[in-house]
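*Asks:* Residue numbers (the working numbering), protein chains in the order written: chain A, -13 to 320; chain B, -13 to 320; chain C, -13 to 320.
No wet-lab data here; the hints were simulated from the structure. Heads up, a few of these hints could be off.
Each computed EDC-like pair below joins lysine to aspartate or glutamate, with the alpha-carbon atoms no more than 20 Å apart [what the hints assert, rightly or not]: (1) LYS(-9)/A to ASP178/C; (2) LYS184/C to ASP195/A; (3) LYS55/A to GLU7/A; (4) LYS68/C to GLU7/C; (5) LYS184/A to GLU235/B; (6) LYS310/B to GLU306/A.
Model, not experiment: these values are computed from the prediction.
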Amino acid sequence: MSALKPTAVSALAKHLGATVEGDAKVIVTGAAPLETATASDLTFLGNPRYSAQLAATRAGAVIVDAKAKRPASGSVLLRAAKPYLAFAKALQFMLKPAQHSPGVQAGAHVDAAAKVSPTATVMAGAYVGPQAQIGPRTVIFPNASVLAGARIGEDCLIYPGTVVREDCVLGARVILHNNVSIGADGYGFAQDGALHVKIPQTGNVMIGDDVEIGANSCVDRAAMGSTRIGRGTKIVNLVQIGHGCQLGEDVLIVAQSGLAGSAVLEDRVIIGARGGVLGHLRIGAGTMVMSLALVTKSLPAGIVVSGNPARPHREQLRREALLKRIEKKGGKDD
Amino acid sequence: MSALKPTAVSALAKHLGATVEGDAKVIVTGAAPLETATASDLTFLGNPRYSAQLAATRAGAVIVDAKAKRPASGSVLLRAAKPYLAFAKALQFMLKPAQHSPGVQAGAHVDAAAKVSPTATVMAGAYVGPQAQIGPRTVIFPNASVLAGARIGEDCLIYPGTVVREDCVLGARVILHNNVSIGADGYGFAQDGALHVKIPQTGNVMIGDDVEIGANSCVDRAAMGSTRIGRGTKIVNLVQIGHGCQLGEDVLIVAQSGLAGSAVLEDRVIIGARGGVLGHLRIGAGTMVMSLALVTKSLPAGIVVSGNPARPHREQLRREALLKRIEKKGGKDD
Amino acid sequence: MSALKPTAVSALAKHLGATVEGDAKVIVTGAAPLETATASDLTFLGNPRYSAQLAATRAGAVIVDAKAKRPASGSVLLRAAKPYLAFAKALQFMLKPAQHSPGVQAGAHVDAAAKVSPTATVMAGAYVGPQAQIGPRTVIFPNASVLAGARIGEDCLIYPGTVVREDCVLGARVILHNNVSIGADGYGFAQDGALHVKIPQTGNVMIGDDVEIGANSCVDRAAMGSTRIGRGTKIVNLVQIGHGCQLGEDVLIVAQSGLAGSAVLEDRVIIGARGGVLGHLRIGAGTMVMSLALVTKSLPAGIVVSGNPARPHREQLRREALLKRIEKKGGKDD
């Protein structure tokens, strides 16, 4: 099942600009954690905390920093400034190219008025609607749906069950995992007494280059204008991005988080798992929202917040410590 | 990409029963927020807070209440009692009718024993099973699945990736966005020592008229009888409705909320983002559950609750204020 | 619409090893709760709390324990040691076998290099990729996708919209409800300055026998090795299982919960609704995490935790009681 091609340590060292200690002719064919790696595996030490595991590893080769010591088993070492980053690049280098023959496969549904690049792949069961555009080398997997007027750039992967609704636009190298929803109507209703009257959602979604969105996540189309996801932003699974949100570049949104409509996240914001942001708020560049926090007012750049309502994480920790002291006293008094 | 047709202000005024200030012959072709609207756009002022933005807008036409002042740019004003509601109705009026030619498209999978109205559209890649029924003018989008015995009323939109399982029933004008799940088995297991023994889920889901359900949301079939969603209820994305829940009319459930099995929500209940309700509880008409609250016991009508466990929002605010005071003191003591 | 076949009480009694009080020749054709059951329905009393409802029921037959009294209506009683478990088994006994003719239906997309058992069913619109394997009597529903190299055991149900990605492996009798995602890439990025560099996810997902996964849930593939879900584990809707998680047997994960990468759950752990577990933690066998709790450090076996951060539920209740006392005092002082 290996997704990796057999690769000599010497080739990895050259690709990574790493120095080798040991036999550079060793070949690795897979990747595994330090504890379970065998003589044919590449692994890495990202954190000095795990030095004991390094000492005991039986891996064929290990990417380490300048200080790490060679394991007893004699694993070859590849020394790099940032071992985890080097490991990512090593795996990308070793990865077998996916096998997708270009063209529209039998059983795909491509509208006569769609424009599909001759180097793109549209697999059986996929749908591409009228006026939709599919860029070079992009793969539309089975049972994915690209509706009328949607435009998808080059080298994208649109996995099964994913839906790109009418007129949404994706840049290059975008990855949408399974069952992603791009461009469903946002939550827009005006009250007429008890009735919820639908506000037609006339906008779209614009996704920049190198964006990756996890399985079963949703990005709603804007009521007016565009919901925007900036270049390099990564979104994990089961995340909700409300209509009209504006996400900067290199933003990170961890699983099950949610942004209400028109939230603005500047570049490099991080939202921890199941974080939340209420509507129309702005979060400054590089600010981190910790897991389960609910942001209820706009935040400046470069801070860390937690809790509900979210506030500086230090304050939240102080409250937790204070409550523990009171509990201790309370227990004695009762 | 405009989804709207060019429309004269005079026609809008007539449709809305609004009065015009300025040139009623002005034509609008799009919609945009006050700040970004251009001379061809319609916009609105829903809240006097944004009067400064109204003053500066360059919109072609603005829907406002009786008091708002005309912008410097000379935008035409349409005066209506409820500007936001009027704006919703204006967009509905301007919306171009979607272009779905009736009939079963090539590449659709319709069972010989299904009943599809001749005015319905079943798009390529969609599936309609035996004994399933599709009502007049309803559209089944690509890669949507309507299983055996399911019945869908008139003028519904069943978007790509959405699944309506066996024997579930939808009323008229129901909108199910992408990857919605209707009628999966609920969480029903009886314990046999450590084993979880499945309780067959023999019921279905019944959805009333004018219901809209957001992308990747789930409504489970009842163990016995029906899970019911009342007329006019709106459910946003990634919401979980457990088996046997009974939702009244005009209920509102915001994104990522969850109702455990057999919860009962009376008419006009509102569940804020990521709200939760435990099983077998009843929430009285018009009660509002705020974002992230967890309802752990039944609630009367007409109240507002927050927190975990949920309690009257006023009490929750008092606790927050109290904790802040203690923190202040605590800080001094330490 | 009944999913159940008409069954004599005598046959049920024999199947369950239950004793009968009343006319064992009575035929039941459906199932309903105590309150709404009619003379043709089977029902059960699982909890003595509902004795008043038993007294008033009009059900044809009721499964009860040794102590319950016969209803006024004269319903036949089936006495069993564990009425709820007996009810589950009774419904399984009464369930009509689903009607899926074996074979690859017209409109299914099965790669020439896939291996599909002759007794399996692949419905119209489903996709089975190269080198994929489908076991005996398994049903692949419309618009489900089984990608290259994935292997699915016998007697599985893969419902519409569900995706099993490349090289993932399922055991026997696995049920995946609608729009489930198995094997999407986990959240793996290494930082290169502001850039998030993708770590290829080279592992897969291994799912044991008798696992059931609810609608729109996600199980990510491991970065290296396998994400594992043990035999008999049940996962409800909209749940996130991060890459590399290791779940034991008979684990229960309720709706909207989330496990970060490499979390380890030993046998019989229970995660309540919307519970969360941070990455690389271990939860001991049989421990229960209550609804909305966030587990931030590893937990021993056999305890009950709640809150954020999660701690023993008793402590959490004590804090809540303490805060209420302080509020009372606080209110007087102000």
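*Asks:* Taking the hints in turn, state whether each one holds.
*Replies:* Consistency of the hints with the structure:
1. Only pairs whose Cα atoms come within 20 Å are accepted, and LYS(-9)/A paired with ASP178/C is rejected, the gap being roughly 24 Å.
2. This hinted pair checks out: LYS184/C and ASP195/A have alpha carbons roughly 14 Å apart, not beyond 20 Å.
3. Our distance criterion of 20 Å between C-alpha atoms is met by LYS55/A and GLU7/A, whose separation comes to about 10 Å.
4. Restraint check for LYS68/C and GLU7/C: satisfied, since their Cα atoms lie roughly 17 Å apart, inside the 20 Å limit.
5. Taken as a hint, the LYS184/A and GLU235/B pair is honoured in the structure, with Cα atoms around 15 Å apart against an allowance of 20 Å.
6. For the proposed pair LYS310/B and GLU306/A, the alpha carbon gap of about 12 Å is at most 20 Å, so the pair holds.
Of the numbered hints stated above, the single one contradicted by the structure is hint 1.
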